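Enquirer: Below are the chains, spelled out letter by letter.
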Amino acid sequence: MKHRYLPMTEQDEAEMLRTIGAESVEELFRDIPGAVRFEGVLPMSGALDEAALLKHMRRLAGRNADFDEYACFLGAGIYDHHIPVVVNHIVSRSEFYTAYTPYQPEISQGELQAIFEFQSYVCELTGMKVANASMYDGATALAEAAALAAGATKRRRIVVSRTVHPEARQILRVAARGLGLEIVEVGCAPNNGTTDLTELEAAITDDTAAVLVQTPNFFGCLEDVRAIEPLIHARKGLLVLSVNPLSLGLLESPGALGADIAVGDAQPLGIAASFGGPTCGFFAVTEPLMRRMPGRIVGQTVDSEGRRGFVLTLQAREQHIRREKATSNICSNQALLALCASVYLSVMGKEGIRETALLNVRKSHYASSLAAASGTLSLPFTAPFFNEFVVKLPDGADIGTVNEKLLKAGFIGGFDLGSAYPELKGHLIVAVTERRTRDEIEQFIREMEAAL
Amino acid sequence: MKPDKALIFELSRPGRAACSLSECDVPELDVASVIPAGMLRAKPAELPEVYEVDVIRHYTELSRRNFGVDNGFYPLGSCTMKYNPKLNEDVARLPGFAKIHPYQPESGVQGALELLHTLQNDLAALTGMDGVTLQPAAGAHGEWTGLMLIRAYHESRGERRMKVIVPDSSHGTNPASAAVAGFETVTLKSDERGMVDLEALKAAVDGDTAALMLTNPSTLGLFEERIVEIADIVHEAGGLLYYDGANSNAIMGIARPGDMGFDVVHLNLHKTMSTPHGGGGPGAGPVGVKSKLLPFLPVPTVGRRADGTFYWDGDRPQSIGRVKAYCGNFGILVRAYAYIRTYGPEGLRRVSECAVLNANYMMHRLAPYYDVAFPGVCKHEFVLSGKRLRAFGVRTLDVAKRLLDFGYHPPTIYFPLNVEESMMIEPTETESKETLDAFVDAMIRIAEEAETDPQLVLNAPYTTVVKRLDEATAARKPVLNCSCG
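Quick note, the sequences are listed as chains B and X, same order. In case it helps, my numbering puts the first sequence at residues 2 to 453. In case it helps, my numbering puts the second sequence at residues 492 to 976.
Next up, chain B with everything else stripped away, as it sits in the complex (with noise of 0.2 Å):
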């Protein structure tokens, strides 16, 4: 068969076969045995030419409602905020994306290069000592924070606050399962949106590796680190702190918070939503920890010739090395969305990013007046936010059938809490990020009251 991706011609195969000594490529074959050789044709989908697949993969995309042509206030974990042109461009280069890990280093210096300033970036806005060169997203990277932080304090507990994201304390249950660790959670303080600190106290035991805390939080309120810092250090566990890395252009870095490892997603920084993957998650430590560190590290060093260039280091570390005595089995990273990362930090620059950040803030925050000013939505928490917020509708109200009535309006709405929070029933959370307008900001509000 002929195939615009295959060269293979008859003569090729001809020749080929002779070289080897063989009469068919069938011979080729001839040591998987008969028993389990595949007869006949796999029940798959067709193939296509190119311009029908293209119309296929159209007819596909055109039948969801993308971001083009819907006002996005959905958060919870991933957001619809403008990707600068340039951060396309640079990473359909192929030289990029065609690329494997670069084993090779002479070769992969572009690479080694650019994860070395998405690590750079990393410890810029987390303030911390050290970062790797990504993980596969936020929430692995969580539950990768929880199995360092066990193995650095050698204690099997975790304590993690319901307000961090409900996926990723799933994803957290399955690798302490895993790994034999004990998940405590602890819930939120009453009407206030954050981590009750009373019970976190009583959680935290002498047997406690650490305690995992999200802010801004899966509700959208900043969690008071100041106050949750000293209670698990003063029991000589781990504080791990999963931010958004957007909100890092004005609000206070992990580190100088007292973290211990710092994680998030990167995906507000030039990331396409994707249905919520390929995303990429960032993982920073200090620097007693740096050893511990999973997955890929690179790190600057010299050539023979005295010139500056970047390796993959402290391999030591890595399961490719250690094999079954490995805490972690990551062997890859997320490197192309690393590098829309960094692309997107580039062009946003040190005061790009804190206007960015306080948009967010002003858009959200012009959000949830209207909001609160409407009489039939009300504010349940009085934390502060970021960009995102919860909104209690009024008795009665189905979420569902209200984003169904939004969705015919235009307007992609926020996340239905009761899902995840029995007791936040009729409740859901509204993103409102750069990108939206005053116009739609009002209009998003109106279609909700009237939805009702």
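Keep in mind the hints are simulated off the structure, nothing from the lab. Fair warning: this is a prediction, and the values are worked out from it, not measured in the lab. Each residue gets a CB set at the ideal place from its N, CA and C atoms; glycine is no exception. Not one of these hints is a red herring.
Chain B regions said to be covered by chain X (calculated; three or more residues, Cβ under 8 Å):
1. 24-37
2. 45-54
3. 58-72
4. 239-252
5. 339-348
Add chain X to chain B, keeping to what the hints say.
Expert: Just chain X now, with coordinates in the frame of chain B:
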């Protein structure tokens, strides 16, 4: 000597900016009135101040200092560095795929759900499995997910089996994944032909065996000819068979893990299904299972209703839970789906035939100059040993560095561990005979250079932007960021 390539931080000049900020069309607000001072950043993050041309030139220059499949032949064994089709890149960027949110109402994402549902079915058919989760983000993530499924299966039967058996030729992630899933690893020595030693396997399995993890074809590029007997031995002891799909590019449409007796399988979509490696990621590592493991699959999967609509199916009370946020690496899944549809089932079979033909051809041409570790037919890759060059003081590392001067990415070196001075070569199906011949000629020339002028090889590379780098100092005195702030 050219000066060092600048870091983006070193290009910074106060007052420059590359961003175009959104208009602030809402009332001004003093941030201190809504966020307490103690929560605000005391010191700004010292990001570089550059303008758009700096950004473009900086990263364009970095890209020119990098080597991908589009730059040239990349026969990195076990990594399946095949051509990454451009159509897949284009369709993944369609707004209807790239600009959608995982929590949107199902009615507004029917196209995305249909794609995922079809992909689940196609991958199940390809591997001979009964169900698939698309959540895992990478091969290693898939391994761990599969082992957690195996653990849940045994626990549901009241058994806490502790042992996972891996061959000594296995990838390092296999034992590492077993460890983080709470298992102990038993390493199995290969026989002299590089195959699983059946007697050793019989001695290793017992009532505490949870699973045998196998890559088939193996990391040595060899098909385990006695796979049926291997499966029987493990199953008779009550254990399960795990298939590491790293090497499935050799067998699409020819043999299916499900028919070989495997119970759980992961696929690396960034290998077999052509999605780009991205410089180290993102990838995707879907996991397929036989029916007895279906109750434990991660939630949600995508279901199809009788009326033809698609939905998130989270109704699986015995599920191990969730292994990845949202629905996995959707953008990668879109590319993999597009790849399947460029070939269809008969095309995929031809892909594997061409991959195997290419590998056998190269192995035969190179056999007079390097030692073939395991003679016979290979599958998609083969292992050479560079041990005979040691007589001239030249090692496999030096051969790899010399290949850089010929414009090639070298093969995987020093893996697998059970072959000395090993080179693992995987040409893939998307390379032409001329490309294979030119690479083989370069390898032959290097073997001759090693004999006649070893210094030439030992001092390579000559043509790259940096020469060999001091990795020891990098690890001893780590400099892991530029601390420009």
